[in-house]
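Residues per chain are reported as follows:
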Amino acid sequence: KNEVEQSPQNLTAQEGEFITINCSYSVGISALHWLQQHPGGGIVSLFMLSSGKKKHGRLIATINIQEKHSSLHITASHPRDSAVYICAVRSKGGSQGNLIFGKGTKLSVKP
Amino acid sequence: DTGVSQDPRHKITKRGQNVTFRCDPISEHNRLYWYRQTLGQGPEFLTYFQNEAQLEKSRLLSDRFSAERPKGSFSTLEIQRTEQGDSAMYLCASSTGGGTGGNEQFFGPGTRLTVL
Chain Z
1 KNEVEQSPQN LTAQEGEFIT INCSYSVGIS ALHWLQQHPG GGIVSLFMLS
51 SGKKKHGRLI ATINIQEKHS SLHITASHPR DSAVYICAVR SKGGSQGNLI
101 FGKGTKLSVK P
Chain G
1 DTGVSQDPRH KITKRGQNVT FRCDPISEHN RLYWYRQTLG QGPEFLTYFQ
51 NEAQLEKSRL LSDRFSAERP KGSFSTLEIQ RTEQGDSAMY LCASSTGGGT
101 GGNEQFFGPG TRLTVL
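If you read the protein sequences in the order shown, they are chains Z and G.
Using our numbering, read the first sequence as starting at 1 and increasing by one per residue.
Using our numbering, read the second sequence as starting at 1 and increasing by one per residue.
Next comes chain Z alone, as it looks inside the complex (with noise of 0.2 Å):
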């Protein structure tokens, strides 16, 4: 079982959609990305969050650190959100360099 997990694998939503992206992991962390990665490859950070919510425009991050779980939610989603999103965590006590990704989550926002 990897370490961090993400869902759902692949998304496809309308124009305008509420979307949800859930990122589940299995250890202690001191903190949790949240990344886009456009095909081409370059990766965007859009989030690094320890505790509570994060908001940055249409975008909206939360993170649950008793339960383990965070959440990306895009509002009114629009054809340039597709995107693959990437959580990743940094372990507690861990390498100040390691982050552990999860494996991403495609979405594709038709108009």
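No lab work stands behind these hints: they were computed from the structure.
Source: prediction; values computed, not measured.
Positions of the beta carbon are idealized from the N, C-alpha and C atoms, including for glycine.
There could be a bad hint or two in this list.
[As the list claims (entries may be wrong)] Covered by chain G, per the in silico footprint, the following chain Z stretches (three or more residues, Cβ under 8 Å):
#	segment
1	36-43
2	99-107
[Stated by the list, open to error] Calculated lysine-lysine pairs in the BS3-like style (CA-CA distance at most 27 Å, straight line):
#	chain 1	residue 1	chain 2	residue 2
3	G	Lys-71	G	Lys-57
4	Z	Lys-92	G	Lys-57
5	Z	Lys-103	Z	Lys-53
6	Z	Lys-103	G	Lys-11
7	Z	Lys-103	Z	Lys-92
8	Z	Lys-68	Z	Lys-110
9	G	Lys-57	Z	Lys-103
10	G	Lys-11	Z	Lys-106
The hints should help you fit chain G onto chain Z, whose structure is shown.
Below, chain G without anything else, positioned relative to chain Z:
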């Protein structure tokens, strides 16, 4: 350009050849990371540097792989005697140092390696 840059963006090589990739981090970042990503998978940690010191290497980094950051600025990742299994996207990221939770990492565009 103030982002992380990587060169080349694509590399096609024959099995057995050596290849070298370069990463230029954001200038004020003292930490630099290398990751490998195969098709359909999330990235996997390879190694990271704080300034010029290589502080950790993954067991994925076999003895055919070597990374350097000689002056604490740009870094190179060399793969010797490439194998078809080395075909992947090689990602570089950088961050500032300090803090027990780590810091936000900024990723480069990646180098896609194809070994024929």
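Hints versus structure:
Here's how the segment 36-43 of chain Z fares: 4 of its residues keep a CB closer than 8 Å to some CB of chain G, so the rule of at least three is met and the hint holds. Proximity of the segment 99-107 of chain Z to chain G, defined as three or more residues with a beta carbon under 8 Å from a beta carbon of that chain, is established by the 6 residues found. The straight-line distance between the Cα atoms of Lys-71 of chain G and Lys-57 of chain G is roughly 19 Å, inside the 27 Å bound, and the hint therefore holds. The hinted pair formed by Lys-92 of chain Z and Lys-57 of chain G meets the criterion: a straight-line CA distance of about 18 Å does not exceed 27 Å.
Pair hint Lys-103 of chain Z plus Lys-53 of chain Z holds up; C-alpha atoms about 23 Å apart against a cutoff of 27 Å. The suggested pairing of Lys-103 of chain Z with Lys-11 of chain G holds, with an alpha-carbon distance near 24 Å, which does not exceed 27 Å. The straight-line distance between the Cα atoms of Lys-103 of chain Z and Lys-92 of chain Z is roughly 21 Å, inside the 27 Å bound, and the hint therefore holds. At most 27 Å may separate the alpha-carbon atoms for a hinted pair to count; Lys-68 of chain Z and Lys-110 of chain Z exceed this at roughly 31 Å.
Straight-line distance between C-alpha atoms of Lys-57 of chain G and Lys-103 of chain Z comes to about 21 Å, which keeps the hinted pair within the 27 Å bound. A C-alpha spacing of about 26 Å is found between Lys-11 of chain G and Lys-106 of chain Z, which places the hinted pair at or below 27 Å, so the restraint holds.
Violation of the numbered hints given earlier is confined to hint 8; every other hint is satisfied by the structure.
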